[in-house]
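**Student:** The chain contents come next:
Protein chains: 2
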Amino acid sequence: MLIKISSSFSFMPCKASLTAQENETGMSSHKDVVTSYCTKVHRNRKMERLQHNYLFPEICARELEHIKKYPNAKVITLGVGDTTQPLPDVVASSMSNYANKLATPTGYRGYGPEQGSKELRRAIAEKFYKDMNIKGTEIFISDGAQGDICRLQLLFGSDMSIAVQDPTFPAYVDSSVIIGQTGDVEKGSGSYQKIEYMKCGPQNSFFPDLSRTTPTDIIFFCSPNNPTGHAANWEQLEQLVQFAQQNGSIIVYDSAYAVYITDGRSPRSIYQVPGAKKVAIEVSSFSKIAGFTGVRLGWTVVPEELLYSNGLAVINDFNRIVCTCFNGASRIAQAGGLASLSSEGFKAVLSLVDYYKENARILLETFKSLGLSAYGGVNAPYIWVHFPGSDSWDVFNEILEKTHIVTVPGSGFGPGGKEFIRVTAFGHRENIVEASKRLRSLLS
Amino acid sequence: MLIKISSSFSFMPCKASLTAQENETGMSSHKDVVTSYCTKVHRNRKMERLQHNYLFPEICARELEHIKKYPNAKVITLGVGDTTQPLPDVVASSMSNYANKLATPTGYRGYGPEQGSKELRRAIAEKFYKDMNIKGTEIFISDGAQGDICRLQLLFGSDMSIAVQDPTFPAYVDSSVIIGQTGDVEKGSGSYQKIEYMKCGPQNSFFPDLSRTTPTDIIFFCSPNNPTGHAANWEQLEQLVQFAQQNGSIIVYDSAYAVYITDGRSPRSIYQVPGAKKVAIEVSSFSKIAGFTGVRLGWTVVPEELLYSNGLAVINDFNRIVCTCFNGASRIAQAGGLASLSSEGFKAVLSLVDYYKENARILLETFKSLGLSAYGGVNAPYIWVHFPGSDSWDVFNEILEKTHIVTVPGSGFGPGGKEFIRVTAFGHRENIVEASKRLRSLLS
Numbered sequence: 001m002l003i004k005i006s007s008s009f010s011f012m013p014c015k016a017s018l019t020a021q022e023n024e025t026g027m028s029s030h031k032d033v034v035t036s037y038c039t040k041v042h043r044n045r046k047m048e049r050l051q052h053n054y055l056f057p058e059i060c061a062r063e064l065e066h067i068k069k070y071p072n073a074k075v076i077t078l079g080v081g082d083t084t085q086p087l088p089d090v091v092a093s094s095m096s097n098y099a100n101k102l103a104t105p106t107g108y109r110g111y112g113p114e115q116g117s118k119e120l121r122r123a124i125a126e127k128f129y130k131d132m133n134i135k136g137t138e139i140f141i142s143d144g145a146q147g148d149i150c151r152l153q154l155l156f157g158s159d160m161s162i163a164v165q166d167p168t169f170p171a172y173v174d175s176s177v178i179i180g181q182t183g184d185v186e187k188g189s190g191s192y193q194k195i196e197y198m199k200c201g202p203q204n205s206f207f208p209d210l211s212r213t214t215p216t217d218i219i220f221f222c223s224p225n226n227p228t229g230h231a232a233n234w235e236q237l238e239q240l241v242q243f244a245q246q247n248g249s250i251i252v253y254d255s256a257y258a259v260y261i262t263d264g265r266s267p268r269s270i271y272q273v274p275g276a277k278k279v280a281i282e283v284s285s286f287s288k289i290a291g292f293t294g295v296r297l298g299w300t301v302v303p304e305e306l307l308y309s310n311g312l313a314v315i316n317d318f319n320r321i322v323c324t325c326f327n328g329a330s331r332i333a334q335a336g337g338l339a340s341l342s343s344e345g346f347k348a349v350l351s352l353v354d355y356y357k358e359n360a361r362i363l364l365e366t367f368k369s370l371g372l373s374a375y376g377g378v379n380a381p382y383i384w385v386h387f388p389g390s391d392s393w394d395v396f397n398e399i400l401e402k403t404h405i406v407t408v409p410g411s412g413f414g415p416g417g418k419e420f421i422r423v424t425a426f427g428h429r430e431n432i433v434e435a436s437k438r439l440r441s442l443l444s
Numbered sequence: 001m002l003i004k005i006s007s008s009f010s011f012m013p014c015k016a017s018l019t020a021q022e023n024e025t026g027m028s029s030h031k032d033v034v035t036s037y038c039t040k041v042h043r044n045r046k047m048e049r050l051q052h053n054y055l056f057p058e059i060c061a062r063e064l065e066h067i068k069k070y071p072n073a074k075v076i077t078l079g080v081g082d083t084t085q086p087l088p089d090v091v092a093s094s095m096s097n098y099a100n101k102l103a104t105p106t107g108y109r110g111y112g113p114e115q116g117s118k119e120l121r122r123a124i125a126e127k128f129y130k131d132m133n134i135k136g137t138e139i140f141i142s143d144g145a146q147g148d149i150c151r152l153q154l155l156f157g158s159d160m161s162i163a164v165q166d167p168t169f170p171a172y173v174d175s176s177v178i179i180g181q182t183g184d185v186e187k188g189s190g191s192y193q194k195i196e197y198m199k200c201g202p203q204n205s206f207f208p209d210l211s212r213t214t215p216t217d218i219i220f221f222c223s224p225n226n227p228t229g230h231a232a233n234w235e236q237l238e239q240l241v242q243f244a245q246q247n248g249s250i251i252v253y254d255s256a257y258a259v260y261i262t263d264g265r266s267p268r269s270i271y272q273v274p275g276a277k278k279v280a281i282e283v284s285s286f287s288k289i290a291g292f293t294g295v296r297l298g299w300t301v302v303p304e305e306l307l308y309s310n311g312l313a314v315i316n317d318f319n320r321i322v323c324t325c326f327n328g329a330s331r332i333a334q335a336g337g338l339a340s341l342s343s344e345g346f347k348a349v350l351s352l353v354d355y356y357k358e359n360a361r362i363l364l365e366t367f368k369s370l371g372l373s374a375y376g377g378v379n380a381p382y383i384w385v386h387f388p389g390s391d392s393w394d395v396f397n398e399i400l401e402k403t404h405i406v407t408v409p410g411s412g413f414g415p416g417g418k419e420f421i422r423v424t425a426f427g428h429r430e431n432i433v434e435a436s437k438r439l440r441s442l443l444s
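Chains A and B, in that order, give the protein sequences.
For the record, in the first sequence the residue sitting at position 9 is 9 according to UniProt numbering, with numbers rising by one throughout.
For the record, in the second sequence the residue sitting at position 95 is 95 according to UniProt numbering, with numbers rising by one throughout.
Simulated from the structure, these hints should not be mistaken for laboratory data.
Just to be clear, a hint being listed does not mean it is correct.
It does not matter which identical chain is meant; a pair holds if it fits inside one copy or across any two.
Stated by the list, open to error - Mimicking BS3-like on lysine-lysine, the simulated pairs with C-alpha atoms at most 27 Å apart in a straight line are: (1) 101 <-> 74; (2) 74 <-> 118; (3) 74 <-> 135; (4) 46 <-> 194; (5) 74 <-> 402; (6) 101 <-> 357.
Construct the complete structure from the given sequences, taking the supplied hints into account.
**Tutor:** Structure (structure tokens):
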């Protein structure tokens, strides 16, 4: 709506404003002060619906508070899933060389294609989608999965209905709230109206009962799932694809942790399931494959065969979004991504994955030996630990207070996580071993 | 709305699908084929409203077509505003060193703060906002202005009314269409319903007549403007800020080219105007300052004093968007940004700016000497050339056919650009001089 012209200069008095105080991370914490002028712009109703801060910055803030409280404690961070091991030399040096070339007349490059370099797109098709007939032109290079999840939400718009696993990575729900697909949050349950929460817990082998799932336009599905660490097996993914086909839904499949799958019983890509190219988009990332959390690189596959109800291809609209709202990933990061897929690079990258998988084994073993029900940790770098009857924030706080170990309370991933905590296997081995000791002494 | 469960497995026949053929840039061109299955997901009505491809990829595609048609021609690109000169050594080597350190146990870093590094945020505050009392915590590091324009649209949501300069950078209008703030496009004029187009042409010294401008929630304002090259002067920006105050609007001020201002009559930041912190967000970028078009780095300032009508601070919601939809700019790019603001780096960067400004002078002089009305080129790297009575696509085509020079048709920047072309000063000097010669022989 257009604002009416006011006849005289207006200074609307305001009740409260906010001021920032810098903390150690450079993040701001704001508090109320008095001020004199407000704009007439209404706060976006959709932003108002968001319940609390985005989960992971909140965990970082709590960690910092704890460090302040116990300045001499050796805090171990098993919270945010952040890679800790150095990049392979071949990857770092390819980025280093690329950066140096930018200072030369022949090596300088300006804008790249918004969709990413042709070479990298082809290398991803070859490395991750061989025998699935995915073309380089169906792959869009991103600055990480989180950005593309929001760009996909822009593509879908506010009129879509969505389903998510419960629990799951919070960006799906939060971006859905921001774009306007949801109603308000229901007090008590913490669920948003209009979102279909697909319960995934020990009671159903972490795979939703699709016969009781209300069909939606879009199904976000993360496998191996963050936070439960469960990798859906062949039969489960076939069921999911068939469910989408029956209902005409689009699956947004997040395979950011697929490289951790080694049990042979779970596909690493949704496109290994026959028919998936007609119903699924796949979002992925170099973050947890190659340690690129700070380098920022990912990709999204939109198959040409994926069509709207009117027969038009989804890929064309996604291309439009990428060209309008994104200007390509850093060329330096892309050079690193390409090197990480080379024969030498990928071998080095997989040994990093093995390192984190051994961490996961140690942590999983720790919790199991204490008689706790712990899940994941085999095909994923996360362990999902059950504390029946407890509230996850209480467990989080108790572990933090008594062992100085940061975890993530399960309820941050959805109502279905309220009795769980997530423990990440990303970390230095010595810290993982030390954490294991502390946990054993606390929980035994 | 939720889709009804269908009782049997459904294969909806489809009229048309699209297939990709790779061209030289790795971009896809799609054409119709027959297929057997469509999802039931409706194409987003907002995406349907977009008129044509995003402008700049379209220009690149036309350039490639031209190269195919004339394989022996020496095509000169004065179209997309893309930097061409090598990075300063100090900038490239800082990125190179940072990348190398990522391969060491002590130098490895994972996720950075979503808002960017504290050091870089402070350095930007110091370099560009000195004496304006902008704090580092009010600055959010991005991967470039285009991404943040879309993230700002997510912040505002679909219920906002917006105004744009006409002509201006097309991302404002296109992102507004995508988020759902507009109606349909009006055939003929090419304007979108519900957008307030503020005409900026030679008739009004490229500054809108605010007394005839319908107030809106949001005013996108780019200065120096892309494409006209006009830098609003002090009086004009004071008028703009006062207009926003009177109506309670928020200005989104795009200062991506501010470093090109040298006439002393135009502010380089909106925050130099008293009161602007209560009404304006500023979006900017390292792309055209430091040659970072391929490196990807920018920033957005959201002052704490900028408040919604309910007294809450806009910065908190923008922080939420950044944390949810963006995971920080590449740390390597941030290292380069920091180096470009060092004493040595900034000196080198400014000499690049001088180089492009000399190109602009040559091109402006060329058009003027031919008796054409040409604008910009003094405080901006763009020249805006008037061809009264002509259609800009015709002029674009004629120049391309006869001189093998790529420009940008003015109508790509809005209805107000239909008799103009935009010529970029980004280029190697030899190409600029050669282009000048060719244009003189064509147009004299």
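**Student:** For each hint, tell me whether it holds in the structure or not.
**Tutor:** Status of the hints after comparison with the structure:
Taking identical chains as interchangeable, the C-alpha atoms of residue 101 and residue 74 lie at most 27 Å apart only when they sit on different chains, with a minimum of 25 Å there against 42 Å within one chain. In this assembly of identical chains, the alpha carbons of residue 74 and residue 118 lie at most 27 Å apart only when taken from different copies (24 Å versus 46 Å within one copy). For a Cα distance limit of 27 Å, the shortest separation of residue 74 from residue 135 qualifies neither inside one copy, at 48 Å, nor across copies, at 32 Å. Taking the closest pair of Cα atoms, residue 46 and residue 194 come within 27 Å of each other both inside a single copy (13 Å) and across two copies (21 Å).
When the C-alpha separation of residue 74 and residue 402 is checked against a cutoff of 27 Å, the pair qualifies only within one copy, where the shortest distance is 12 Å, while the shortest distance between copies is 71 Å. For the homomeric pair residue 101 and residue 357, the shortest alpha-carbon distance between copies (24 Å) is at most 27 Å, but the shortest distance inside one copy (36 Å) is not.
The structure fails hint 3 only (numbered hints given earlier).
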